[in-house]
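Protein chains: 4
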Amino acid sequence: MIRAGIIGATGYAGNELVRLLMGHKEAEIKWYGSRSYVDQRYADVYRNMFQVVEDVCRDDNVAELASQVDVIFTATPQGFLAGVLTEEILGKAKVIDLSADFRIKDVSVYEKWYRIEHKSPQFLPEAVYGLCEVNREKIRGARLVANPGCYTTCSILTAYPLVKEGLIDPSTLIIDAKSGTSGAGRGAKLPNLYCEVNENIKAYGVATHRHTPEIEEQLGYAAGREITVSFTPHLVPMNRGILVTEYASLVRRPDGSLPGADELRAVYESYYKEETFVRVLDDGVCPETKWVEGSNYVDIGFTVDGRTGRVVMMGALDNLVKGAAGQAVQNMNLLFGCDEKEGLALAPMFP
Amino acid sequence: MIRAGIIGATGYAGNELVRLLMGHKEAEIKWYGSRSYVDQRYADVYRNMFQVVEDVCRDDNVAELASQVDVIFTATPQGFLAGVLTEEILGKAKVIDLSADFRIKDVSVYEKWYRIEHKSPQFLPEAVYGLCEVNREKIRGARLVANPGCYTTCSILTAYPLVKEGLIDPSTLIIDAKSGTSGAGRGAKLPNLYCEVNENIKAYGVATHRHTPEIEEQLGYAAGREITVSFTPHLVPMNRGILVTEYASLVRRPDGSLPGADELRAVYESYYKEETFVRVLDDGVCPETKWVEGSNYVDIGFTVDGRTGRVVMMGALDNLVKGAAGQAVQNMNLLFGCDEKEGLALAPMFP
Amino acid sequence: MIRAGIIGATGYAGNELVRLLMGHKEAEIKWYGSRSYVDQRYADVYRNMFQVVEDVCRDDNVAELASQVDVIFTATPQGFLAGVLTEEILGKAKVIDLSADFRIKDVSVYEKWYRIEHKSPQFLPEAVYGLCEVNREKIRGARLVANPGCYTTCSILTAYPLVKEGLIDPSTLIIDAKSGTSGAGRGAKLPNLYCEVNENIKAYGVATHRHTPEIEEQLGYAAGREITVSFTPHLVPMNRGILVTEYASLVRRPDGSLPGADELRAVYESYYKEETFVRVLDDGVCPETKWVEGSNYVDIGFTVDGRTGRVVMMGALDNLVKGAAGQAVQNMNLLFGCDEKEGLALAPMFP
Amino acid sequence: MIRAGIIGATGYAGNELVRLLMGHKEAEIKWYGSRSYVDQRYADVYRNMFQVVEDVCRDDNVAELASQVDVIFTATPQGFLAGVLTEEILGKAKVIDLSADFRIKDVSVYEKWYRIEHKSPQFLPEAVYGLCEVNREKIRGARLVANPGCYTTCSILTAYPLVKEGLIDPSTLIIDAKSGTSGAGRGAKLPNLYCEVNENIKAYGVATHRHTPEIEEQLGYAAGREITVSFTPHLVPMNRGILVTEYASLVRRPDGSLPGADELRAVYESYYKEETFVRVLDDGVCPETKWVEGSNYVDIGFTVDGRTGRVVMMGALDNLVKGAAGQAVQNMNLLFGCDEKEGLALAPMFP
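Chains as they are written, first to last, in our numbering: chain P, 17 to 367; chain U, 17 to 367; chain Z, 17 to 367; chain H, 17 to 367.
Treat the hints as calculated values from the structure; they're not laboratory data. Any given hint might turn out to be false.
A short list of chain P residues far from chain H (calculated; beta carbon distances all over 10 Å) [said to hold, decoys possible]:
1. ASP192
2. ALA219
3. ALA223
4. VAL245
5. THR261
6. GLU309
7. PRO367
Straight-line C-alpha distance at most 30 Å; calculated DSS-like pairs for lysine-lysine [what the hints assert, rightly or not]:
8. LYS41/H x LYS46/Z
9. LYS205/P x LYS205/Z
10. LYS121/H x LYS357/H
11. LYS41/P x LYS289/U
12. LYS46/P x LYS289/P
13. LYS289/Z x LYS121/H
14. LYS135/P x LYS41/P
15. LYS357/Z x LYS41/H
16. LYS205/U x LYS135/U
17. LYS357/U x LYS357/P
18. LYS41/H x LYS180/H
19. LYS205/U x LYS121/H
20. LYS41/Z x LYS121/H
Simulated DEER-style distance windows between Cβ atoms [as the list claims (entries may be wrong)]:
21. ASN77/H x LYS289/P: 53 to 61 Å
22. LYS41/Z x GLU44/H: 29 to 37 Å
23. LYS205/H x GLU103/U: 48 to 56 Å
Even for Gly, the Cβ is constructed at its ideal location relative to N, Cα and C.
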């Protein structure tokens, strides 16, 4: 059995990790770390786990935890892991970090967008960006995995094949993203109150959202050059789910014609046909967040618009699963040589 | 492997059966029966099942289905199964009926509340009411299981121990029930439109709802006499979940004092301590539908009100799981000697 | 013009008062009092009021406010007004209190349920309970009006005629109430977060909710004797609206027969036919909160259940209008001799 | 008094017209036309109007209606008005059409996007596109007003000043729009069921939505040339509200620099400072649909993104008010010389 510890087990992503690991045949949770609920019964914090989890919350001492488990998940605020990570910890346990601390290779970019100092840039070079479908082999051998952001996972996987194959001009890429409210976390803040979110939709963090440089870095690798994208997140009155709608100009063929839908489909298929967790939808079908709820799937669709010469790419995932805890488990499976689907073979729940 | 067929696979309860059976190690679905979608790909009707279910919908021919499977689930309108059931069918396959056709022993009561003629009353005596926690042993040997209604399961389990032990006066029992909208089915009807349900709550079927006689019959068995209850369902703007709030006068002790909370707790514990799917909550904790979503749990809480001499009992379940498909799988497990929890060991999803 | 001041203008009820007074021809708001937002632009706190309200928030100094306005609305936490009210204030301005401080005549009952000391019980005798349909004449001459609670208004008006006319036995009265989330206020508390409330329903404050003694006192006046009721509130995933479902045993006629629906209807009509804001629905129609949203209406329906000998009474209102700010404006209209409907002639908004 | 008739009074937009006209001092409704509910009491179809509207629904005979009223509102399916409109009707009554029949000047464009034949193209030249803020003077003298679409109103007003002043390149304009569900109407269709919409978001009509040519035509007038835009609507789980997020490349100054936020703000102010119903929000404030709910406001915000050289423009309105019935009343006010705000001076309702 893989012994797992969770720091930040009482956030929404932490609770989702617990849910998924409960159904994982080769892992068991040894440490429910929390800052706010130390010594409280975990099931009193999340009553869905009543009679499922009997443990009491422990603190967030990563160093101590490292000597008791094989893998540590950190679902913690930005800066936490960078502030405590040591060579000794990495020598004892694998670390899968759900925060942004080790996602961005360029420390100055991180510090500019997150406005905090990075306390352990020495681990950045070895950290592997844990987007499984893209970096699978690198992940297997890693000690430190930077689990991608929720918006980022959806945004990248939706555009990746077309960027990589040069079918779209990445400088024209515009990502309009919509997220359920669990992405905002369980903190008691006025903007997240029921009456403020319900019957409402708004954009936020326009031109400044922190997932932007992460998307740009990863899609830049695919493009083979630095790129700049427009990324606008929106808050939607639902618990779970991210939908991205991405616009980009198609690169015309030498004869001036546009690549057709069949050509784009063939590219998507070549990248994702073997991927269990990426479903390229049939022609004319638009993804819906409800169809992936509770599962680790990303659903992708696209429409070629001959009038404008653009393609509209759409992707949907559950922000707490493939956008956080599910991908973290997928990374754990890769790290420990388990079946990549173990603990993740859940059909989406509808309605 | 248990070969299963579903008639009514394209309703919400049918789809939930598919979701649960996909995770069941000893069962496989051989027939996705539907009236409206024959010959269409199941995953085109429920896109959550894209790349999960490859089958095409078949018709609702129960007789033919019986010769191909070990168990038939009927998630069909009232009257359908009673209209087609035969001895031959029951000789070939077990039948678990999610409709009301075989729940009520007295055919005249059925016909009065449902306003349809019962076409095969000859099977009523052998039908077993599939409330697993109450009728476990009878279910094991049955050919025909009448899977309880969603409101009914919640209403009965919440009050059963106190009625059975004579701690409350069943003639004072008032059940105020609240349900999510999936209980109304997937039919395209104006009252079920998003804009009619959202930001709204209403009672319906006041004093006439069809689950009333089912509750009265089963709690009457517990009381040892016929009882009459007030049952009022309400439609709540959420997808899943039933909450019942039940009021009854406590039976005073010979010395005129009221039984205390400890006494009631002891009774609840004695009935449910060994039951995996019934969770008696801690003192002062009220059940919430969100804590059981996606799972087969029923959560039960209660408060003794010394001022009024009443107890307020509360129960919560997911109407599509323990209130329909989950209980049906639990019944299948009993019928075929599987572990009762097989396919149902899902932690509730939150949020 | 009536000059009005609001203490607690930045709560949800306060904002609703602002909305309604903006449409009132004979009133103008002179003071937007707030504890948390002093010196901030009101429209920055409630952006719906951008370019509608230009004022800046002021503090909650009631004494100073009293010399500047004709009427003071206090939409403040329990205990606030009782802590600051003086004879001098009441000599200068009328006070309409949306808190519970002056609703309950018996100070020991108040202190027991609210668990705070009452700082100015000397004003209790003169305070008028501002349920307009019941106490209209007394309100006209008052200096201090105790605006009823949201649950209370709905609970009382729904049962009042039948209690007053002795058609039901008030000792059997059970009130199962459901409320939208705005009733919980705008405080940033975890249980009110979107993800905690959405897709969820729960009871709370079972047997201990503070509106209970208020209901008992007022319906006790109607019954002509002290009564005790069961009252259970529930939190529903919607912004606005309260629905009450009330159960009581009908008092049989001398010949043992039950009073009929016609008899009950005649009683309701005799009390409410002339009341603009109480709508007694047609036979068989159940009230829905959506039908009164944004308006000052209370919709009432009922069903006689011959099987159980009970009547099920149902009432619906908008908790922020008739349950708070709308009734406060109605009280103001009575205090100042305006048309009782002024500022309140808004048709409900659907959907 | 202006005598008004409504054809399609039993749709959501029709009901909103009724709500608004109930509060209009100079208009009264003489005809509640309906196809499905002829001879039924209007208040039985929309119970919010119980005791507010006593009338019975009539049919959709526009010719007969024309001789009884001063203005006809048609909130009808595409093609209906074009199929029945005559010179005689227009000679008797003003017509404000909430359908698309007379919005698009080029009949071939209409027929291509709507896939129906236009039955009375002879009236297209005189029809005035009823976007009040743009065409105010033309509207005053019109007989036939084509009330703009909901998405269209929001999309155009949000971008209009920047297009008109040449600050953005209209060929780069991408409109990502999000709508509440009332925009889909009250038809009983499966995709509009509560359980299909709730907890879900999706794009639809990608590259084919019928509001596209309407936006292109009107913004083309502003640009002074034909333009092509990307327009993608999304369905959001809420009753009311449209939010548009629009992306366009800023036109660089001769010196290669980008125009600044101040410059854009000055342009917006010059167009909308005197407009009651358009609110240009403060710097850094993003519009939210909840802040305009129930009102005739359009809220507009924008962010200059120096990194990408684009501006992100955002607009929000209530699709049933400024996006349909409110704008129709505004048009009526212009046609009949009333105060343009009459019946529309409603502060938004929050929450």
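Cross-check of the supplied hints:
A Cβ of chain H approaches the Cβ of ASP192/P within 10 Å, the least distance being about 4 Å, so the stated non-interface status is violated. At roughly 5 Å, the least C-beta separation between ALA219/P and chain H is not larger than 10 Å, which violates its mark as non-interface. At roughly 4 Å, the least C-beta separation between ALA223/P and chain H is not larger than 10 Å, which violates its mark as non-interface. With a minimum CB-CB distance of about 7 Å to chain H, VAL245/P fails to clear the 10 Å threshold, and the non-interface call is violated.
Not every CB of chain H lies more than 10 Å from the CB of THR261/P, the least distance being 6 Å, so the non-interface label is violated. For GLU309/P, the requirement that its beta carbon stay farther than 10 Å from each beta carbon of chain H is not met, with the minimum near 7 Å. Against chain H, the non-interface label of PRO367/P is violated: not every CB pair exceeds 10 Å, the least being about 4 Å. Straight-line distance between C-alpha atoms of LYS41/H and LYS46/Z comes to about 27 Å, which keeps the hinted pair within the 30 Å bound.
The suggested pairing of LYS205/P with LYS205/Z holds, with an alpha-carbon distance near 7 Å, which does not exceed 30 Å. Distance check on the hinted pair: LYS121/H and LYS357/H sit about 28 Å apart at the alpha-carbon level, within 30 Å; holds. Taking the CA atoms of LYS41/P and LYS289/U, the gap is about 26 Å. The hint holds against a cut of 30 Å. For the proposed pair LYS46/P and LYS289/P, the alpha carbon gap of about 36 Å is over 30 Å, so the pair is violated.
For the hint pairing LYS289/Z with LYS121/H, the CA-to-CA distance comes to about 53 Å; that exceeds 30 Å, so the pair is violated. Only pairs whose Cα atoms come within 30 Å are accepted, and LYS135/P paired with LYS41/P is rejected, the gap being roughly 36 Å. At most 30 Å may separate the alpha-carbon atoms for a hinted pair to count; LYS357/Z and LYS41/H meet this at roughly 16 Å. About 28 Å separates the Cα atoms of LYS205/U and LYS135/U, which keeps this hinted pair within 30 Å; it holds.
For the suggested pair LYS357/U and LYS357/P, the alpha carbons sit about 22 Å apart, so the restraint of at most 30 Å is met. The suggested pairing of LYS41/H with LYS180/H is violated, with an alpha-carbon distance near 36 Å, which exceeds 30 Å. Of the supplied pair hints, the one linking LYS205/U and LYS121/H is violated, its CA atoms being roughly 37 Å apart against a limit of 30 Å. Straight-line distance between C-alpha atoms of LYS41/Z and LYS121/H comes to about 44 Å, which puts the hinted pair past the 30 Å bound.
The supplied range of 53 to 61 Å is met by ASN77/H and LYS289/P, whose beta-carbon atoms lie about 59 Å from each other. The hint said 29 to 37 Å for the Cβ distance between LYS41/Z and GLU44/H, and at roughly 20 Å that hint is violated. In this structure the hint that LYS205/H and GLU103/U lie 48 to 56 Å apart at CB is violated, the actual value being about 42 Å.
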